[in-house]
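Engineer: Residues per chain are reported as follows:
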Amino acid sequence: MIYVAFLHWKRKEINGGEVFFWIVLWFGFIFVNLFPDVLLNITKKLFFARVMDFLMVIAFMILAFLGFQNHVSSKRMEKKIEELIRKEALEKKNEK
Amino acid sequence: MKDKDFFVVIPAYNEASRIDKVVRGVKKFTENIIVVDDGSSDKTSKVAKKSKVKVLRHRINLGKGAAMKTGVEAAFLLGAETVVLMDGDGQHDPKYIPQFLEKISEGYDIVFGSRNLSFGVPLVRFLGNKFGSVLISLLFGIYRSDLLCGFMAFTKKTYQKIKWDSSRYGVETEIVARTGKNKLKYTEIPIETIYIDKYKGVTILDAIGILFSIPRWLIS
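Here the protein sequences come in this chain order: Z and E.
When we follow my numbering, the leftmost residue of the first sequence carries the number 1, and every step to the right adds one.
When we follow my numbering, the leftmost residue of the second sequence carries the number 1001, and every step to the right adds one.
Hints are computed from structural coordinates only; laboratory data are not their basis.
We put the CB at the ideal spot given by N, CA and C, even for glycine.
Be aware that one or more of the hints could be misleading.
[Said to hold, decoys possible] Now the in silico label distances, taken between C-beta atoms and shown as ranges:
hint, chain 1, residue 1, chain 2, residue 2, range
1, Z, ARG76, E, THR1187, 36 to 46 Å
2, E, ILE1208, Z, ILE62, 26 to 36 Å
3, E, LYS1161, Z, LYS75, 19 to 29 Å
4, Z, LEU66, E, GLY1107, 44 to 54 Å
5, E, LYS1183, Z, ALA64, 37 to 47 Å
[As the list claims (entries may be wrong)] Going by beta-carbon spacing under 8 Å, a handful of chain Z positions derived as facing chain E:
hint, residue
6, GLU82
7, LEU90
8, LYS93
I would like the entire structure built from these sequences, with the hints used as guidance.
Structural biologist: Shown next, in the form of structure tokens:
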């Protein structure tokens, strides 16, 4: 996935900030998978029984955020397309 | 009302086989007709153009609400003071157009057509429509016996107040909600209707979508 993020950045489909976010996120997952103990302290403080439970909650939060972002962006796109198509149709209102 | 003061707007999607008959029916009452072809994949535009009416075409299908908006805005830009909206599938009889205009002349801001929902309407549609009517009445203080009827007329001034966001089938319900919210003067005209195509119109999924849109209309 890091490679895919890098590839999209090289193709200029995502910007520097976005590629940084995804690389950090994927490295973060790798690190936590290799050393789950680093999260033990925070897991205990938040009353999670296992590190895995904590990670699941974080993963759902990220998914919900991305879902919302996608929803907003598709709505915005839909609106722009609608405006464009309607404007084009209205320009021909004087033609018989 | 003078002829040039009103336009009839007909949104149509894949109605090549019916649009000609609809237009011919409307032509008995006015020549001011705008057909909005909402990105049909058939020859709706060509057939409508042969009937010598104004045809506006969406390059892709945007939905009934967007087609209505395009037609209504074109009519007002062309100098109309009142717009009558009717469906392009022939389920609305143009003979009611004079009654709509008469009510507008009497001072109503908006006039809705109302189908007799006791006869010939599929049970699911009947129940859904009634549930929606009660809900809208509780939330917006306006009771309409037939929430989903697309046969209606309103003035230019009214349009500024009810301008809808729905691009698809929620549009009629949104117009009712905005009418109630803005406390506009409205009335209903009983109309006959023919259900021609059972696969067109509001589906259960559309109805669920409309339900979720109601809170948005409350706050916007």
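Engineer: Hints first: check each against the structure and report whether it holds.
Structural biologist: To see whether the hints hold, each was checked on the structure:
no.	hint	result
1	ARG76(Z) with THR1187(E): 36 to 46 Å	holds, 38 Å
2	ILE1208(E) with ILE62(Z): 26 to 36 Å	holds, 28 Å
3	LYS1161(E) with LYS75(Z): 19 to 29 Å	holds, 24 Å
4	LEU66(Z) with GLY1107(E): 44 to 54 Å	holds, 52 Å
5	LYS1183(E) with ALA64(Z): 37 to 47 Å	holds, 39 Å
6	GLU82	holds, 5 Å
7	LEU90	holds, 6 Å
8	LYS93	holds, 4 Å
Every hint, counting from the list given before, is met by this structure.
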